[in-house]
Amino acid sequence: MILRVLGKIGPNALAPLIAGAVAIVVSSIALLLSGHSPTEAFGTMWRVLDSTESLVLILNRGAWYYVAGVAVAIGFKMGLFNIGADGQYRLGALFAAYFGAKADLPAVLHVPYIVAIAVLVGAAWAAIPGILKVTRGVNEVISTIMLNFVAIGLTAWLLNTYFRTTGGSLTAETRTIPASGRIPSLNSVVEALGFNFGRGVVLQGYVVVAMLVGVGYYILLFRSRYGFELRVSGVNPSAARASGVNPKRMILVTIMLSGAVAGLIGMGPLLSDAQYYRYGDQFPLTLGLAGLSLALLGRNNPVGIALAAIVWAAIERGTQPLSIIGIPQEIGVILQGSFLLSAVIVFEVFSRRAQEQAIRDAAARAAPHTIGAPA
Amino acid sequence: MTDTTTERAVAIELRDIVKRFPGVVANDGVNVTVRAGSIHAIIGENGAGKSTLMKTLYGAHRPDEGKVIVNGAEQHFRSPRDAIAVGIGMVFQHFQLADNFTVWENIVLGDEPGTPWNLRRGIAIRQLRDLGKRYGLEVDPNAFVGDLGVGQKQRVEILKVLYRGARIIILDEPTAVLVPQEVEELFASLRELTTSGATAIFISHKLDEVLRFADAITVIRAGKTVGEVPDPSQVDARRLAEMMVGSELPSPETRESTVTTDVALEVAGLTVNAEGGGRALLDDISFTIHRGEVVGIAGVEGNGQTELVQAMLGLIDATTDKIELFGDDITNSSTRERRAGGLGYIPEDRQRDGMVLPFPLWENAVLGHQSHEPFGDGRWIDKAASVERTELIVKNFDVRTPSVFVPALTLSGGNQQKLIVGREMTTDPKVLVAAHPTRGIDVGAQAAIWDVIKDARAAGLGVLLISADLEELIGLSDTLHVMYRGRLVATLDPSDITPQVLGSYMTGAGAPE
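Residue numbers (my numbering), protein chains in the order written: chain A, 61 to 435; chain B, 15 to 527.
Please note that a few of the clues may not be correct.
As the list claims (entries may be wrong) - Taking lysine to any residue and the SDA-like style, the derived pairs with C-alpha atoms no more than 20 Å apart in a straight line are:
#  : chain 1 : residue 1 : chain 2 : residue 2
1  : B       : K81       : B       : L145
2  : B       : K409      : B       : G458
3  : A       : K308      : B       : I330
4  : B       : K444      : B       : T302
5  : A       : K308      : B       : E351
6  : B       : K397      : A       : Y278
7  : B       : K397      : A       : L281
8  : A       : K308      : B       : E338
9  : B       : K397      : A       : R224
10 : B       : K397      : A       : A184
11 : B       : K397      : A       : R283
12 : B       : K397      : A       : K193
13 : B       : K167      : B       : E206
14 : A       : K308      : B       : F201
15 : B       : K397      : A       : V275
16 : B       : K238      : B       : R226
17 : A       : K193      : B       : I330
18 : B       : K167      : B       : N132
19 : A       : K162      : A       : R224
20 : A       : K308      : B       : G316
21 : B       : K220      : B       : F201
22 : B       : K397      : A       : G276
23 : B       : K238      : B       : M257
24 : B       : K167      : B       : G316
25 : A       : K308      : B       : S348
26 : A       : K308      : B       : V32
27 : B       : K397      : A       : Y286
I should point out that these hints are in silico values taken from the structure, not numbers from a laboratory. Computed from a predicted model, the values in this text were never measured in an experiment.
My request is simple: use the sequences and hints to build the entire structure.
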């Protein structure tokens, strides 16, 4: 009964609210069980989040997550599980970092050059599970997970043996990308608009890259023939074949496209975050894994993934200072996990109800006089 | 015979059954009286409310009004479990069997003898053999269901309900998938059952078999009982048809030959080998379709028709000497090239191969034609033009829908099929491959689709028609090939053949003496 009333208000707006409430209840229970005060924890989180600096940091981190989510979602759209985004962007970032630092190019060419390397390497690495699947029937879940481990070993070896800088650093890392190869920050744009973030707060230019990825994803999905065939293949592979789609080609193209976008993930830290500008020990390495959760949470929808990425980044930002007041930061993982799980369930319940309702509505409108059971 | 029938006790009485769905009244005061020990037919067009009524009777849903009286006691079924408890069982049109289970496993599934720790296989098999012998429903209990033919699978379904103690058996269009000889066997078994005191109710719209086999007939039209025939010898097919439709029956018959001498499609030496060896699924098939000609393929399902369609579309690997479409060699072309080259396709399973149910109608109208005008330029999809084209299809082919933006799953089967037919015909195909184009849709939609095929044929379209509806095959085809075990075994002239003769060819027996 309650579900029916809520379902009418609009599942897309409501499901995240319900999921959020469930997540807060679950993590509150976890906090209470471990002897901490939920009100204190959530109060602290709220105070941290309620600032311009937090907003900017959430956007910066959310942009990375967003690209990861889209990379995974492309595969999901046709039922292809690319668990290998981590390996794909790790290798892409390493090659891009090495060759990008070596190149001496004007900025207009330097950035595209580095990005192109990352994208090509990501696509090439993703082609391996694609080829294995279409020629040998190897399940891509298994092969991409395994290739992630191969990528860990491969990047470590390449970095240590060939790509490390000969400069004074003790740890293995590539040379720093010169200024011409970096994506400029958006601070000057924001200041031109009359805002000021305050000292040390930088809105990364990569946010624009993420937006472009989102627009591109939307156009690809809903305007192009490839996107149409991708969506058909995901819902009804048999009909896709009958309509002329070559399933093997489709699998290969899609997993490579997913890998290409995955290659872009590493460009956030590499080209847009002053903390990095190089590939080394500190380089963030599990963004692709978050992409899986975000594609799921955002239902593979360009806007949905964006909202999910922002929530993800906000939870991460909000829980950062908790350890200072003695509350384990891992409560953030519990929040994310319970949010994801309940959102998926609530969405599923809502969409089933919406579908049943659509059938009844259409039957009622199309055939007010016809007698016969609705199919 | 009439006397004994009327003297028997009433097994089932459905009184003033009303069942509403939002926006539709599926049953609007239906009355049916079924006597114990009889074979009772319920006939009516698709959409007349037969299935809804049967669902009420076996407990799949509850009626909004009216009474269900079984053996004199009123019943309020909450689920099929309640119905089976008083001895009512349902045999579905679409078999609900697990192919990779054996016959006995399928039958006991959900009602296993013995304890949860000890499945009594021996008892189950003995019971099945007894049941089979008693009613002429013999099936090897240890055979895998996937290896059985359609008629045998149906026996398994009937045994399943008998095993659960059903004494009143409902069969939903049991003969839809059978050849004439299997139909005879089925009704012989049902007769055995009813002689032993059981009751059989079957849904049908095939008037000849109803007249031959039923002890009593109830006719339903537009959700109401319009006729009760306690003695079928008092009526003929014409009278029944009038009651069913309320007007004259449509006919698939084409008037005059439009066959030309121009070759539209030529197939030579088409062979499809079975995976892992064994008898070839298609063995050296050759035929020609001319402009303006409908070439029908008759055959019991599973004799290679599905593979023939798939091979024509390039969906499965085949070794072929030649396939030429209007002189163009398409032997090694991809599915996309074949369809773009003018091969229209109406798949046998529209929901599996012809539609994407959650997608809106307009996207379903694009499906299969996404590479060319007006739907797009091969790279992009032109939404505005696609929507416009879909609206045209909806209008010209009478697809009943509130808009082209609703998901395809909201349409009835007949309207989905009209959309598919409209989609294929408005892109001006040169040759149409039509597999069961009117399966499972109502008489109105069926007549409309027949008209479309006839008109296109007159305009020079070549058609490859595969159908299980023998009247449709005989009525529409200019040439008939009979397919048996992957080969074309006979070529017949549809103008002087009856369904009975055709059925005899289909079983591989050749011409009847």
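Hint by hint, here is what the structure shows:
Taken as a hint, the K81(B) and L145(B) pair is broken in the structure, with Cα atoms around 32 Å apart against an allowance of 20 Å. Pair hint K409(B) plus G458(B) holds up; C-alpha atoms about 16 Å apart against a cutoff of 20 Å. Restraint check for K308(A) and I330(B): satisfied, since their Cα atoms lie roughly 13 Å apart, inside the 20 Å limit. Proposed proximity of K444(B) and T302(B) is supported: the alpha carbons are some 14 Å apart, at most 20 Å.
About 16 Å separates the Cα atoms of K308(A) and E351(B), which keeps this hinted pair within 20 Å; it holds. Using a Cα cut-off of 20 Å, the hinted pair K397(B) and Y278(A) holds, with the two alpha carbons roughly 14 Å apart. Between the alpha carbons of K397(B) and L281(A) the distance comes to roughly 13 Å, so the proposed pair stays at or under 20 Å and holds. In summary, the hint linking K308(A) to E338(B) is not supported, as the alpha carbons are separated by about 26 Å, beyond the 20 Å threshold.
In summary, the hint linking K397(B) to R224(A) is not supported, as the alpha carbons are separated by about 51 Å, beyond the 20 Å threshold. This hinted pair does not check out: K397(B) and A184(A) have alpha carbons roughly 33 Å apart, beyond 20 Å. Between K397(B) and R283(A), the direct Cα distance comes to roughly 8 Å. Compliance with the 20 Å bound is thereby established for this hinted pair. Simply put, K397(B) and K193(A) have alpha-carbon atoms about 33 Å apart, too far for the 20 Å limit, and the pair is violated.
This hinted pair checks out: K167(B) and E206(B) have alpha carbons roughly 19 Å apart, not beyond 20 Å. Distance check on the hinted pair: K308(A) and F201(B) sit about 48 Å apart at the alpha-carbon level, beyond 20 Å; violated. For the hint pairing K397(B) with V275(A), the CA-to-CA distance comes to about 18 Å; that is within 20 Å, so the pair holds. The hinted pair formed by K238(B) and R226(B) fails the criterion: a straight-line CA distance of about 24 Å is larger than 20 Å.
For the suggested pair K193(A) and I330(B), the alpha carbons sit about 19 Å apart, so the restraint of at most 20 Å is met. Distance hint between K167(B) and N132(B) is unfulfilled; the C-alpha atoms sit about 27 Å from each other, more than 20 Å. For the given pair, K162(A) sits about 12 Å from R224(A) by alpha-carbon distance, which is consistent with the 20 Å threshold. Of the supplied pair hints, the one linking K308(A) and G316(B) is violated, its CA atoms being roughly 27 Å apart against a limit of 20 Å.
Pair hint K220(B) plus F201(B) holds up; C-alpha atoms about 14 Å apart against a cutoff of 20 Å. Between K397(B) and G276(A), the direct Cα distance comes to roughly 17 Å. Compliance with the 20 Å bound is thereby established for this hinted pair. Pair hint K238(B) plus M257(B) holds up; C-alpha atoms about 11 Å apart against a cutoff of 20 Å. Between K167(B) and G316(B) the alpha-carbon distance is near 13 Å, which keeps this suggested pair within the 20 Å criterion.
Simply put, K308(A) and S348(B) have alpha-carbon atoms about 13 Å apart, close enough for the 20 Å limit, and the pair holds. Distance hint between K308(A) and V32(B) is unfulfilled; the C-alpha atoms sit about 51 Å from each other, more than 20 Å. As the CA atoms of K397(B) and Y286(A) are separated by approximately 14 Å, the hinted pair is consistent with the 20 Å bound.
Checked against the numbered hints given earlier, the structure breaks hints 1, 8, 9, 10, 12, 14, 16, 18, 20 and 26 and satisfies all the rest.
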